[in-house]
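Colleague: With these hints in hand, go ahead and build the complete structure from the sequences.
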Amino acid sequence: MVYRYVFNKVIGRAAAYKRLLLTIKGEYDDVIGALQRREDEARTAQRTLVAITSHPKSLMTCQRRAAHLRDRWKDCMWVLNRSPSLSLLQLLRAPQQGRAAILSLGVACSTLLADPQQQQFALQLLDSAVSKGRVWSVVASLCSELNRADLSRAVLSVLLDQSGTRIVTPGLEGALLMEHVFL
327 MVYRYVFNKV IGRAAAYKRL LLTIKGEYDD VIGALQRRED EARTAQRTLV
377 AITSHPKSLM TCQRRAAHLR DRWKDCMWVL NRSPSLSLLQ LLRAPQQGRA
427 AILSLGVACS TLLADPQQQQ FALQLLDSAV SKGRVWSVVA SLCSELNRAD
477 LSRAVLSVLL DQSGTRIVTP GLEGALLMEH VFL
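Yeah, the sequence shown ends on 509 if you go by the numbering used here, and it's all consecutive.
Careful, some of the hints might be misleading.
Okay, the calculated beta carbon distance ranges per label pair [stated by the list, open to error]:
#1 Gln423 x Thr370: 35 to 43 Å
#2 Ala475 x Gln445: 33 to 41 Å
#3 Ile378 x Ala341: 16 to 24 Å
#4 Lys383 x Leu477: 29 to 37 Å
#5 Glu365 x Ala480: 29 to 37 Å
Since the hints were made in silico from the structure, they are not lab data.
C-beta: ideal position from N, C-alpha, C; glycine also.
Modeller: Shown next as structure tokens:
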């Protein structure tokens, strides 16, 4: 800083008052340092305050978004219940413009299966999903790839440990067979 340079020049020229001027300079440096620390603390406190006050706004935004998605989901299920169509359901299950699908297979099936008038439609949906691939074995494989062997084993155990069944082949092969039977 400029004051240090100038003050050092004054101290260098006033040899008789050098000790006194060095003491004054030291105290002045301490005061300037304390003021800078307080300014830094004030900036940090201000950033913390902004973050804390924005949290309720973020929470309210998330709650509004959740309510909006719930309403959208209910609207979709209402339309689907009134005019069941695999093509409509597949459209609702497809990701749109980089966003997640409106309905998941599990939610759609569980909702439709709960309605006795829609159970056949739900079974058609499940048949359609199963015929397109081995859904749960893919989920188990992806869990393993993501270093979540615990989730992979849980998915496979559900497929292998169905009541009234026996394991024909242990491991993934047996799980694929059970997936085919139960889905």
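Colleague: Against this structure, judge whether each hint is valid.
Modeller: Checked hints:
1. Gln423 x Thr370: 35 to 43 Å: holds (40 Å)
2. Ala475 x Gln445: 33 to 41 Å: holds (35 Å)
3. Ile378 x Ala341: 16 to 24 Å: violated (55 Å)
4. Lys383 x Leu477: 29 to 37 Å: Distance hint for Lys383, Leu477 holds at roughly 34 Å.
5. Glu365 x Ala480: 29 to 37 Å: Since Glu365 and Ala480 have Cβ atoms about 54 Å apart, the given range 29 to 37 Å is violated.
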